[in-house]
Structures are given as structure tokens and as C-alpha cells.
Amino acid sequence: VANRFENVQHVIRVALIFAIGLVSFFVLRGFFVPSDFGLEGFYRAGARVDAQALPLQYAGEADCLTCHVDVADLRAANRHKAVSCETCHGPNKAHVDDPTTVKPARVNAETFCVTCHAKGAGKPAFLPQIVAADHYGTACVDCHAPHKPRIDAGGEAAARRPE
Amino acid sequence: MNQDRRAFLDQTGALLLLTGTAALAWDFVSIGRAQEAPGYDVHAHWWGMIIDIEKCIGCGNCVRACKAENNVLTDHPGTFRTWVERYQVRSDDLDRPTVDSPNGGYDGFDPITEPGEGVKVFFVPKLCNHCAHSPCVQVCPVGATFESPDGVVLVDKDRCLGCRYCVQACPYSCRYIDPRTHTVDKCTLCYHRITKGLTTACCEACPTGARQLVDLKNPADPVHEFLRTHKVHVLKPNLATGAKAYYHGLDGSVR
Numbered sequence: 002v003a004n005r006f007e008n009v010q011h012v013i014r015v016a017l018i019f020a021i022g023l024v025s026f027f028v029l030r031g032f033f034v035p036s037d038f039g040l041e042g043f044y045r046a047g048a049r050v051d052a053q054a055l056p057l058q059y060a061g062e063a064d065c066l067t068c069h070v071d072v073a074d075l076r077a078a079n080r081h082k083a084v085s086c087e088t089c090h091g092p093n094k095a096h097v098d099d100p101t102t103v104k105p106a107r108v109n110a111e112t113f114c115v116t117c118h119a120k121g122a123g124k125p126a127f128l129p130q131i132v133a134a135d136h137y138g139t140a141c142v143d144c145h146a147p148h149k150p151r152i153d154a155g156g157e158a159a160a161r162r163p164e
Numbered sequence: 126m127n128q129d130r131r132a133f134l135d136q137t138g139a140l141l142l143l144t145g146t147a148a149l150a151w152d153f154v155s156i157g158r159a160q161e162a163p164g165y166d167v168h169a170h171w172w173g174m175i176i177d178i179e180k181c182i183g184c185g186n187c188v189r190a191c192k193a194e195n196n197v198l199t200d201h202p203g204t205f206r207t208w209v210e211r212y213q214v215r216s217d218d219l220d221r222p223t224v225d226s227p228n229g230g231y232d233g234f235d236p237i238t239e240p241g242e243g244v245k246v247f248f249v250p251k252l253c254n255h256c257a258h259s260p261c262v263q264v265c266p267v268g269a270t271f272e273s274p275d276g277v278v279l280v281d282k283d284r285c286l287g288c289r290y291c292v293q294a295c296p297y298s299c300r301y302i303d304p305r306t307h308t309v310d311k312c313t314l315c316y317h318r319i320t321k322g323l324t325t326a327c328c329e330a331c332p333t334g335a336r337q338l339v340d341l342k343n344p345a346d347p348v349h350e351f352l353r354t355h356k357v358h359v360l361k362p363n364l365a366t367g368a369k370a371y372y373h374g375l376d377g378s379v380r
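Quick note, the sequences are listed as chains L and A, same order.
Here our numbering is used: the first residue of the first sequence is 2, the next is one more, and so on.
Here our numbering is used: the first residue of the second sequence is 126, the next is one more, and so on.
Source of the hints: derived by calculation from the structure; they are not laboratory data.
Heads up, some of the hints might be wrong.
What the hints assert, rightly or not - Computed beta-carbon distance windows for the label pairs:
id : chain 1 : residue 1 : chain 2 : residue 2 : range
1  : A       : Gly-164   : L       : Leu-55    : 16 to 24 Å
2  : L       : Ala-83    : A       : Asn-196   : 26 to 34 Å
3  : A       : His-358   : L       : Val-103   : 23 to 31 Å
None of the values given here were measured: they were computed from a predicted structure.
Here a beta-carbon is modelled for each residue, glycine too, at the ideal position from N, C-alpha and C.
Could you build all of it, start to finish, from the sequences and the hints given here?
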């Protein structure tokens, strides 16, 4: 029987090496290529789901409005109606998750209002703009309530307005 | 129990080996079964953004919101997922605008009160265009960056080598190397937010509605009405990248 394979020994040897190579390729591939690679395309499908797992910082306006209905109503009737809460108040997901202990930081109106309302070229006409140096020299919120920025004639804010 | 030592070792050995293999195999299987956000169908969306130049006031709220939301470095030059550029274009030299973007617009802009005779000033917010045929994805050698089925270009930081091919390939300069991980980083279109039904941080923080997240596959999305009634443009359309950041009021001088 041994003689039968005598003349094909070299072929068997090559075939064996090839087989070992093939097996080790698939074993190594199994180790180095994640099993979800290629499920959706030439990438790891789990990476897409990983990207969904990042923690939120901005809660989104809908969450704010579950509690702060009164402020929302006031704002909705006035000029800042299209400005979402966290535009000015900053990211507040932590406050939404734990409203009693985590309080939103106060908006520094001195520096923040003018990031939008400072007069400058390139700003559209619909935006009220002021030159801070020429504008009464008092704090913005002394006259303009942020949720109701327009000054009522004879209103409380108007009374405080410097001459 | 009548069992010799050899049989015992054989059985225990086989059991240990099989348990280990099974655990390893299960690890691989479970990776493939990572949990999608509940109720999110990846094939039901095609995300993009509308940017209305006419409404942008250069306040920098979007830049600050993006950095806060996505834990982007604030003290390192060039690490921006979104940024705002200010263009000053002379009417007699339309091809050579003066562009500035101090700290990416993070601190806003010093207002230009006297733009000069015949000078036009406007702001251009920029971000990843989430191209449908992204040059950056085409050059990645390891499959670390990809266009997801819902039209968002994402990075797999576990696979990224930091070879920077994609940084060079992006025609919009939207990618950078994160110095903390030495892997590439870019706008994810707040993938962690949009898959939960929220809008992106930049759109949430934009006071004028200059930026709007849009879902082109959603027939109820106002984007369809907007695209029907407004003239829009994408950046570098000649490159056929399939960019999905649609600019309204874009000037020809913008690069």
C-alpha cells in the first residue's frame, strides 16, 4: 500500500502545506476580523450602533417643556419664540435627569446677548442689532426680559429704562 | 462511580476546551448583535442638512454646542466638527474673498462695523457634508469609516489606524486627528441624537433656524417643501460627492 503513494509524496506535501495555510488564514481571520464586519458593508456594523451610545448633553426642547410650560407660553407669544431653550441656557441634559440637585447655570446676559445682537456687517435685517457702547450702558436684562424682549410702553421694564 | 483517570482527564479537557471555544464564539456573535436604539429603523431615514446663509448671524452657538455635545477638544487648534467662516467679498473681485474664522467661530466674531465700499459680508457654517459617495470612505484601507445605510458618514475609532488618508481625501476639510486617541474624528451628525428622535446639537442651539436637520426619506419632513420652493446648492458639486448639506443663498465665492 505504501508503494501506491510513493510517486505522489511531493504533491501530498504541497497540498498539506496549502491546507495548513488555508486553515491558519481562517483561524487568524476569525481572531482579527470582528464577526459583524461586512454585515452592512465594508465596515463593522457594531460601530454604527456604538456611535448611538454617546451620552447626551443637550436634552432637546421637548424635555424642557414638560415642566417649564409657563416660560414656554410666555416665550411663544414673544420675539424669541423660535429660539430653543438650550440656545441660551446651554446643554442641560443633566438638569433634566436630576432636576432637584443639578441646576442650570445662569446665563451671563452681559456677554451672551451681544453674541447675536451686536451690530455687525453680514447680519440679516430681521435681527435687532445694537452697538453696545452706544446703548444706554446698563445691563440688557434691566430693560429686556429675555423671554419677552420687547419693552412695553408704561411697563415695569420701561420705567427702569434710563433716560 | 467507576471511572479511570484517563477518561476523567479526557472528558474534563474536552469540556474546558469546548466551553472556552463556545464563550469565544458567543462573544463574536454578541458583537454582531449590538443594540440599535429602540424603534429606530436604519433603512427608513436618509439624513442631511439645510443651511440657510441668509439666516446665519455668526454667533458661534453651533460651534460651542457641537463641542459640548460631542466632547471635542476646545484648546487645540483645528479640532472642529463644525465651524463658521466669515466671507468678505469685494464687488470688483468676486473670485478672491477674504475669509476669517477665528477659533472656528467658537467665540463669535468681532463685528465688522465698516465693511468698506462695495464689500459684501456673510457667514458660512460648515460641517461634514455626509456625502452619499464620500471620497473619504473610498480611501480608507481598513474599513474604519463608512456611509451608514441612513446616509451618515461615521468613523469606527476601534478600527482606525490614524493613517490620515481620509483627512487628505475630504474636499471639505471636515476631518482631523484627535490628539487624545490619534484616530480620525469628524461630525457624526449627532448620530446618538438623531437615532433617538432628537435634532443635532448645532440645530438645537441655532437661534435663527439657519441650520436644520432633514430626513430626505421622510415624506412629512418640511425639507421637501423647502427644496421645492428654494434654490439650493451644495459645496463643490463638480466633485460629484453627493453632498447632503444643502446651502440656500450660497455665494459663488465660497470654496
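Outcome for the supplied range 16 to 24 Å, where the beta carbon pair is A/Gly-164 and L/Leu-55 | holds, 18 Å
Does the Cβ pair L/Ala-83, A/Asn-196 satisfy 26 to 34 Å?
-> Given a distance of about 28 Å, which is inside 26 to 34 Å, the answer is holds.
Verdict for A/His-358, L/Val-103 (Cβ pair) under range 23 to 31 Å | The hint (23 to 31 Å, Cβ to Cβ) is violated, given that A/His-358 and L/Val-103 are roughly 43 Å apart.
Of the numbered hints given earlier, the model fails hint 3 alone.
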